[in-house]
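If you read the protein sequences in the order shown, they are chains A and B. This note's numbering numbers the first residue of the first sequence as 30 and each following residue consecutively. This note's numbering numbers the first residue of the second sequence as 769 and each following residue consecutively.
Derived from the structure by calculation, the hints contain no laboratory data. Some hints could be false.
As the list claims (entries may be wrong) - Here are the in silico distance ranges between beta carbons for each label pair: (1) B:I875 - A:V74: 24 to 32 angstroms; (2) B:L808 - A:I71: 40 to 48 angstroms; (3) B:T901 - A:A52: 17 to 25 angstroms; (4) B:L789 - A:L128: 30 to 38 angstroms; (5) A:G112 - B:G826: 50 to 58 angstroms.
Stated by the list, open to error - On the chain B side, residues computed to face chain A include the following (Cβ under 7 angstroms): (6) F775; (7) F813; (8) V842; (9) L886; (10) M933; (11) V934; (12) N936; (13) G940; (14) H957.
Stated by the list, open to error - Simulated coverage check for chain B against chain A, where a stretch passes if three residues somewhere in it have a Cβ under 8 angstroms from a Cβ of chain A: (15) 814-821; (16) 870-884; (17) 895-903; (18) 916-922; (19) 958-971.
No residue lacks a Cβ here, since even glycine has one placed at the ideal position from N, Cα and C.
Chain by chain, the residues run as shown.
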Amino acid sequence: MANEQSNSANPNVDLKYRRKKNAEEMKHQVVTFVLMIFFTVISFVAVAMDDFSHWFIKPVILLLAVIQVVFQLYYFMHMKHKGHGTITLFLFSGLAVGLITILTFLTIVWL
Amino acid sequence: MHADEKFTDATWPASPEKATLEGKNKYLGFWLFLGGETVLFASLFATYLALKDKVPNGEAALAKDLFELPLTFVATMLLLTSSLTSVYAMYHMKNNHFKQMQAWLVITIALGFAFLGLEIYEFNHYVHEFHHTFTSSAFGSAFYTLVGFHGGHVAFGLLWFISLMVRNARRGLNLYNAPKFYIASLYWHFIDVVWVFIFTVVYLMGMVG
Numbered sequence: 030m031a032n033e034q035s036n037s038a039n040p041n042v043d044l045k046y047r048r049k050k051n052a053e054e055m056k057h058q059v060v061t062f063v064l065m066i067f068f069t070v071i072s073f074v075a076v077a078m079d080d081f082s083h084w085f086i087k088p089v090i091l092l093l094a095v096i097q098v099v100f101q102l103y104y105f106m107h108m109k110h111k112g113h114g115t116i117t118l119f120l121f122s123g124l125a126v127g128l129i130t131i132l133t134f135l136t137i138v139w140l
Numbered sequence: 769m770h771a772d773e774k775f776t777d778a779t780w781p782a783s784p785e786k787a788t789l790e791g792k793n794k795y796l797g798f799w800l801f802l803g804g805e806t807v808l809f810a811s812l813f814a815t816y817l818a819l820k821d822k823v824p825n826g827e828a829a830l831a832k833d834l835f836e837l838p839l840t841f842v843a844t845m846l847l848l849t850s851s852l853t854s855v856y857a858m859y860h861m862k863n864n865h866f867k868q869m870q871a872w873l874v875i876t877i878a879l880g881f882a883f884l885g886l887e888i889y890e891f892n893h894y895v896h897e898f899h900h901t902f903t904s905s906a907f908g909s910a911f912y913t914l915v916g917f918h919g920g921h922v923a924f925g926l927l928w929f930i931s932l933m934v935r936n937a938r939r940g941l942n943l944y945n946a947p948k949f950y951i952a953s954l955y956w957h958f959i960d961v962v963w964v965f966i967f968t969v970v971y972l973m974g975m976v977g
């Protein structure tokens, strides 16, 4: 349960453990951030170099964006933690409707 | 356990944002809202992609004439960094460090304002240099609606953070306001998620052609 207050007779021991865990998680977050910056820089450099065909470059930068968003959702927004089943359902339902809308507008709507 | 009870570092719960029933419900409700926001932004992206470069004549500016890499890059870095600084704020919230949390939130807000300033400059530039306005073409309408909606979300997020900080400036952390700060930071991350797709789909793919 998330709301556990102290597991040991001495709350300061528990506090020390929790501080350590929080610090560890923060370290993971910083690593996540560095990777996100790295992917962003790759995308921008790939477009700036301008020597790839757009058939190659578009899927690559889209893939990098998806990876970056997965990091953001699962690490920064904590979706990797336990007890996030319902909210995952909410988000993916929204995503399913959204992607079908995009597919429709790109294929059926002819302008 | 009262929501306004004072806590010490040792008694502060490990996940204060979900320690009360109200906090749990807010968390669930907020993610339902984010599911809806996903649909909203996806439909704006769909509209943009369908109407991209649909202009009335050959003189009107297209995506590849408008966008510039350096400006988009700086804006992206500002928003990405502000996402990390709000993670730092929540890290200190979980450690019951109110002052540090406030400090990181102030940095987050400053980065958000810088991003918004760049966006205003950018829109102003397009209108005056390229006559690319909301009503000049279908492309213009779709572009300003999508990117402007995101900018509106940034402005709302800033207002949200500022109101929370002003209202709780002298209260310190408790189980009444911990979920509020946490939800606001989730919203801020979501704004960044949307921006990742905007800079990729609108700007980078627009420059590729």
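To see whether the hints hold, each was checked on the structure:
1. B:I875 - A:V74: 24 to 32 angstroms: holds (27 angstroms)
2. B:L808 - A:I71: 40 to 48 angstroms: Since B:L808 and A:I71 have Cβ atoms about 29 angstroms apart, the given range 40 to 48 angstroms is violated.
3. B:T901 - A:A52: 17 to 25 angstroms: violated (50 angstroms)
4. B:L789 - A:L128: 30 to 38 angstroms: holds (34 angstroms)
5. A:G112 - B:G826: 50 to 58 angstroms: For A:G112 and B:G826 the Cβ distance comes to about 57 angstroms; the hint holds.
6. F775: violated (10 angstroms)
7. F813: holds (6 angstroms)
8. V842: Since the shortest Cβ distance to chain A is 11 angstroms, the answer is violated.
9. L886: violated (16 angstroms)
10. M933: violated (20 angstroms)
11. V934: violated (25 angstroms)
12. N936: Violated. Min distance 21 angstroms.
13. G940: violated (18 angstroms)
14. H957: holds (5 angstroms)
15. 814-821: holds (count 5)
16. 870-884: Coverage by chain A is violated here, the residue count being 0 at a Cβ distance below 8 angstroms.
17. 895-903: violated (count 0)
18. 916-922: Violated - the stretch 916-922 of chain B has 0 residues with a Cβ nearer than 8 angstroms to chain A, which falls short of three.
19. 958-971: n = 8 at 8 angstroms, threshold three: holds.
In this structure, the hints that do not hold are numbers 2, 3, 6, 8, 9, 10, 11, 12, 13, 16, 17 and 18, in rising order.
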